[in-house]
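So the chains spell out like this:
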Amino acid sequence: MLNTISFEAIKTAVQQWLNMHWGPHLAFIAECILIGLLVIVFFAVLGLLLVFMERKVSAVMQIRLGPNRVGPKGWLQTSADTLKLMLKEGLTPDGADKFLFNLAPFLIMIAAMLIMVPIAFARNFQIWDINIGVLYISSIASISVIAILMAGWSSNNKYALLGAMRSGAQIISYELSAGVAVITMVMLTQSLSIQDIILSQQNGWWIFKGHIPAIIAFIIFMIAATAETNRAPFDLAEAESELTAGFHTEYSGMKFALFFLAEYINVFIVCAVAAILFFGGWMPFHIGNWEGFNHIMDYIPSSIWFLGKTFCLIFLIMWFRWTFPRLRIDQLLNLEWKYLLPISLANLLLMTIIVVLKWYL
Amino acid sequence: MDNEALKASLLPLNANLTFEEGGEWVNVFVPYNELKPLLKTLQGEPDLYFNYLFCLTCVDWKTHLTMVYHLTSLKWQHNLVVKAVLNRENPQIETVCDIWKTAEFLEREVYELFGVEFLHHPDLRRLILTDDFKGWPLRKDFEDPVNMIKL
Amino acid sequence: MHQVLSSTPEGIFTINVGPQHPATHGVLHLVITLNGETILKIEPHLGYIHRSIEKMCESLTYRQFIYVTSRMDYLSAHINNHACALCVEKGLQVEVPMRAQYIRVIMDELTRLASHELWWGAMAMDVGAFTPFFYAFRERETINEIMEETCGARLTMNYMVPGGVMADIHPQFQQKVKQFIAGYKNKIAEYNELVTGNVIFQNRMKGVGYLSTEDAISYGCSGPVARASGVACDVRKRYPYDVYAQVQFDEIIETTGDSFARYLVRIREMEQSVRIIEQLIDNIPEGDYQAKTKAVLKLPKGEFYQRVETARGELGVYIVSEGGTTPYRIKFRSPGFSNLSALNEMAKGGKIGDLVATMGTLDLVIPDIDR
Numbered sequence: 001m002l003n004t005i006s007f008e009a010i011k012t013a014v015q016q017w018l019n020m021h022w023g024p025h026l027a028f029i030a031e032c033i034l035i036g037l038l039v040i041v042f043f044a045v046l047g048l049l050l051v052f053m054e055r056k057v058s059a060v061m062q063i064r065l066g067p068n069r070v071g072p073k074g075w076l077q078t079s080a081d082t083l084k085l086m087l088k089e090g091l092t093p094d095g096a097d098k099f100l101f102n103l104a105p106f107l108i109m110i111a112a113m114l115i116m117v118p119i120a121f122a123r124n125f126q127i128w129d130i131n132i133g134v135l136y137i138s139s140i141a142s143i144s145v146i147a148i149l150m151a152g153w154s155s156n157n158k159y160a161l162l163g164a165m166r167s168g169a170q171i172i173s174y175e176l177s178a179g180v181a182v183i184t185m186v187m188l189t190q191s192l193s194i195q196d197i198i199l200s201q202q203n204g205w206w207i208f209k210g211h212i213p214a215i216i217a218f219i220i221f222m223i224a225a226t227a228e229t230n231r232a233p234f235d236l237a238e239a240e241s242e243l244t245a246g247f248h249t250e251y252s253g254m255k256f257a258l259f260f261l262a263e264y265i266n267v268f269i270v271c272a273v274a275a276i277l278f279f280g281g282w283m284p285f286h287i288g289n290w291e292g293f294n295h296i297m298d299y300i301p302s303s304i305w306f307l308g309k310t311f312c313l314i315f316l317i318m319w320f321r322w323t324f325p326r327l328r329i330d331q332l333l334n335l336e337w338k339y340l341l342p343i344s345l346a347n348l349l350l351m352t353i354i355v356v357l358k359w360y361l
Numbered sequence: 001m002d003n004e005a006l007k008a009s010l011l012p013l014n015a016n017l018t019f020e021e022g023g024e025w026v027n028v029f030v031p032y033n034e035l036k037p038l039l040k041t042l043q044g045e046p047d048l049y050f051n052y053l054f055c056l057t058c059v060d061w062k063t064h065l066t067m068v069y070h071l072t073s074l075k076w077q078h079n080l081v082v083k084a085v086l087n088r089e090n091p092q093i094e095t096v097c098d099i100w101k102t103a104e105f106l107e108r109e110v111y112e113l114f115g116v117e118f119l120h121h122p123d124l125r126r127l128i129l130t131d132d133f134k135g136w137p138l139r140k141d142f143e144d145p146v147n148m149i150k151l
Numbered sequence: 001m002h003q004v005l006s007s008t009p010e011g012i013f014t015i016n017v018g019p020q021h022p023a024t025h026g027v028l029h030l031v032i033t034l035n036g037e038t039i040l041k042i043e044p045h046l047g048y049i050h051r052s053i054e055k056m057c058e059s060l061t062y063r064q065f066i067y068v069t070s071r072m073d074y075l076s077a078h079i080n081n082h083a084c085a086l087c088v089e090k091g092l093q094v095e096v097p098m099r100a101q102y103i104r105v106i107m108d109e110l111t112r113l114a115s116h117e118l119w120w121g122a123m124a125m126d127v128g129a130f131t132p133f134f135y136a137f138r139e140r141e142t143i144n145e146i147m148e149e150t151c152g153a154r155l156t157m158n159y160m161v162p163g164g165v166m167a168d169i170h171p172q173f174q175q176k177v178k179q180f181i182a183g184y185k186n187k188i189a190e191y192n193e194l195v196t197g198n199v200i201f202q203n204r205m206k207g208v209g210y211l212s213t214e215d216a217i218s219y220g221c222s223g224p225v226a227r228a229s230g231v232a233c234d235v236r237k238r239y240p241y242d243v244y245a246q247v248q249f250d251e252i253i254e255t256t257g258d259s260f261a262r263y264l265v266r267i268r269e270m271e272q273s274v275r276i277i278e279q280l281i282d283n284i285p286e287g288d289y290q291a292k293t294k295a296v297l298k299l300p301k302g303e304f305y306q307r308v309e310t311a312r313g314e315l316g317v318y319i320v321s322e323g324g325t326t327p328y329r330i331k332f333r334s335p336g337f338s339n340l341s342a343l344n345e346m347a348k349g350g351k352i353g354d355l356v357a358t359m360g361t362l363d364l365v366i367p368d369i370d371r
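Just so you know, the protein sequences line up as chains A, B and C, in that order.
Per full-length UniProt numbering, residue 1 is the first one in the first sequence, and the count goes up by one each step.
Per full-length UniProt numbering, residue 1 is the first one in the second sequence, and the count goes up by one each step.
Per full-length UniProt numbering, residue 1 is the first one in the third sequence, and the count goes up by one each step.
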């Protein structure tokens, strides 16, 4: 084994230890609890990290410094912000539907957490290699729209309702082309399982060996993913200059923070999915028969490969946000129904031909 | 058109016009009930063509109120000031907002600050002050013991 | 399920935008009647920052009242002061020294640049692009520093007095302005690259908030708003004051009347402002910076009206004098007030997103409207 302290080794060690000391059922339950805790901790750290990253990226783009007072280079700024949000009162408006209002932020977090299940973070390090992994991700991702609609409707606020309705129209439309882009890649890999998709990219990532349809699918997926996560230039659901804060106008304190966090988690997840589908997930960069080069690449741990790719894509999405103005609602839907969807369907057809004629490597 | 020529072309329009001397532009007084037809002609007449109402206000002269309309022609580049005297107790005048749409807001402002009632105005409400405000603040006899500091 | 929205059966409902709302840039309050996302009617409610400047001015002397006007359109503070100073000078019949005239016009144009800078940043922010705001403030900061050195203030300058300017320019003024101008030309190209050419931005702006030439005239619009609808109304060209008659510059006119036209007019106006400053900055004549005036100013009985071109349009100062030391009645014809009255006409039938784009290009400054 190349990496003696890999995630895979840790996982196996823990599994063995648990199975040795406890019975198989007890060990399974313990593993579940452990994974739950890990995911929550990972989310918290990821949220802090991504918010900090966003602030620093935006600062660089906007010729300013960004947070630089709390902690070294401002590293603790986001923690301080979270602490502040925790101490704030979570107001519930009088006219709100209290049950739905309080449920919505948790639902959106649960939806975000559930998508984490089939994602492979490193070689053989995955919560559950479900055989319909890609389908599972697409279906769970659409739950978040229910949470957004719930938040907008129950707030009893017209801004929130308008934001929620926009968001509903937007996410439902863009899921189509995101889904078609994913199916295009599934055509190529012939499997829905995340593990299989990654392993099929052993000798080259799909973005390189999948011909032009793969590149088109990647572009469409990134556009649709930006729209699905409600980020600029598709942030109409929370368009601040139009709807103040959109669907979460009435939320405050930690309930607001959950929405805020969920946005970043969703960004991470769509970028992770893109990294898996197009850039080989944790698979190192290999070039054909260059044994020496491939061998050096293998020395870099698989988790670094995965996170590196994901964060590069996250940077891309942040770059979008700080560069482009926002679209209008009808333009947004036009873009999807008149351009992205037909293109991605044609792309799917093209990919089918390529796969049938075995034109790929 | 210079001031003299403008004066000459105004005279045939209305018999009751009186001119005020000394200003930079031609100042003309018209009885308040004949104002609206005069302004309509001023805007419509191709030689005069006062298509731009750039200022509409009122002055409180303690004995009476004077409505002041500043007109200009973007085509001919001449200016004219039309004035109408109103009584202070029950000031009423026809609206001009069907001639110049900008008058709608300007008249609402004059209404709430001077209490001039514009007849046939589509939406004569207070614009700046609160709906329950009492008094006409820009009149000279307005008293506000709380907000006004007298030296 | 309890009643969540108080809507009429047809699904038409009203929404309050402001007085605290990111798009209104201040305390403007719009009551919007909506059908879904489509705007049926806009009703502005004003007065949240009404200070009754006109009434205040009635008890201030002709030297004092100029300072209050900096607080009207605070982004064109110099130009407001200029209008008042010119109006009082018209009454006193004072000849302003050439040096003062040059300084005034340079200051006006710098103010216009600073104001358009802020508009550009804020407008881009309205349509969802945050970054331009910081680019705009980078240049605005330089202008503000030049202002601060000369007038001692960054926002409410109070530099113009009847008869000239309050103090002579800073010794390094010319050099600093030239330095700024030299670097600024590239900046406009950068703005065009970042925002003007962007496809999303053009889609958001083109054909949105249309105002016809007839409506622009009828609503009394002025400044870039009217010029974008094809109305030639630049006061600097039509009724030149101070040295504007001697400088070469183009009156920017667009004919499409939509938000993009208003945007282009302002961007090109920035170039013209640079051109005006370039012509004047090297030729500031030596001499007095202030005419000799009496300590207590008394305007003769009569009426005086002076208009100037602020960054937002035509500002008129109407002084009615009874011969005393204070104005009997003063009226400010503010450009924003008339431009706002056309908002309903422009935004009707559009989406909420269009309203924001339209308001962004109207460049409203609320204290200017409320006074």
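Among the hints, erroneous ones may be present.
[As the list claims (entries may be wrong)] Below, a sample of chain A positions facing chain C; criterion: calculated Cβ distance under 10 Å: (1) ARG55; (2) GLN62; (3) TYR159; (4) LYS209; (5) PRO233; (6) GLU242; (7) LEU327; (8) ASP330; (9) GLN331.
Calculated directly from the structure, the hints in this document are not laboratory data.
Glycine residues also receive a C-beta, built at the ideal position from the N, C-alpha and C atoms.
Consistency of the hints with the structure:
1. ARG55: For A/ARG55, the interface hint is violated, since the closest Cβ of chain C sits about 12 Å away, which is over 10 Å.
2. GLN62: OK, holds: A/GLN62 within 10 Å of chain C, min 4 Å.
3. TYR159: At about 7 Å, which falls below the 10 Å cut-off, the nearest Cβ of chain C leaves the hint on A/TYR159 intact, so it holds.
4. LYS209: At 32 Å from the nearest chain C Cβ, A/LYS209 fails the 10 Å test, so the hint is violated.
5. PRO233: holds (6 Å)
6. GLU242: holds (5 Å)
7. LEU327: holds (6 Å)
8. ASP330: holds (7 Å)
9. GLN331: The hint holds - A/GLN331 has a Cβ within 10 Å of chain C, the shortest such distance being about 6 Å.
The structure does not agree with the numbered hints 1, 4 stated previously, though it agrees with the rest.
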